[in-house]
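Asker: On the provided structure of chain A, position chain B as indicated by the hints.
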Amino acid sequence: MDRIPILKMGEYLLVTIQADMHDRLAMTLQDDLTEQIVKHRARGVLIDISALEMVDSFIGRMLGNIAGMARLLDAETVVVGMQPSVAITLVELGLSLKGIRTALDVEKGMEGLRLALGNGNAAG
Amino acid sequence: MLRVERSDIREIRTSEDVVAVRQAVRREAVAVGFNLVDQTKIVTASSELARNTLDYGGGGTVAIETVLNGVRCGVRLIFEDQGPGIANIELALKDGFSSGSGMGLGLGGAKRLSHEFEIESETGKGTRVSIVRWKG
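Residue numbers (my numbering), protein chains in the order written: chain A, 839 to 962; chain B, 24 to 159.
If we strip away everything but chain A, and leave its shape as in the complex, we get:
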């Protein structure tokens, strides 16, 4: 069965979502991520959606679910790399992804996670 790979980097988990994610794959990612957060005692989750050419209400809901579940497990989530055309479409669709931290790219996302976790001055 296909799975979206989850990479561990220190206390963070990194996920890059491929362009053509079908719904079952999204559901699997949700389950896998919650497991991995607990297993690795992760404090932050970074989800790169720069390859996504559209975000519909299902994917939007999945991102919200992940952020919500991660928060309950004491981890912060940041979604990075949304394409401008995707952002325009999402707002028109009626989805503003409230409660989801976003950043323009991976670097800014990591910075945001560090700040959110209160170790903004820590190296690496």
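Since the hints were made in silico from the structure, they are not lab data.
Keep in mind that a hint or two might mislead.
Taking lysine-lysine and the BS3-like style, the derived pairs with C-alpha atoms no more than 25 Å apart in a straight line are [claimed, not checked]:
#, chain 1, residue 1, chain 2, residue 2
1, B, Lys-117, A, Lys-936
2, A, Lys-936, A, Lys-946
3, B, Lys-134, A, Lys-936
4, B, Lys-134, B, Lys-148
5, B, Lys-117, B, Lys-134
6, B, Lys-117, B, Lys-148
Answerer: Leaving out everything else, chain B in the frame of chain A:
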């Protein structure tokens, strides 16, 4: 008068088919000359409607068409299923209404992302949703 230039009918039976519909709609939108934002809007609308066809209609078909109306050209998508139908269309179009896995933005969202939107549904017979987005 609306003229159909090209039509491609696809089955929607699995969540992989929903992805294939998105890809086919993207190709059609590119062929018609949509800019990136317009492509993204119609692809997103197609994803919402294809999922509805699969999840609530029990599967069905979509016709992906290039249409001409005088000098305007656009993409029309017609989703059809023989599922249980929608008892209250007005309610189903409201944001926040959901009987399933989404956020309740499927129908209303697809309508907002389209220039023309028509829905016909009969309880026990099925649902037909047709949208058009014109080239900007």
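Asker: Please flag the earlier hints that this structure goes against, numbers listed from lowest up.
Answerer: Nothing - there is no hint that the structure violates, so all of them hold.
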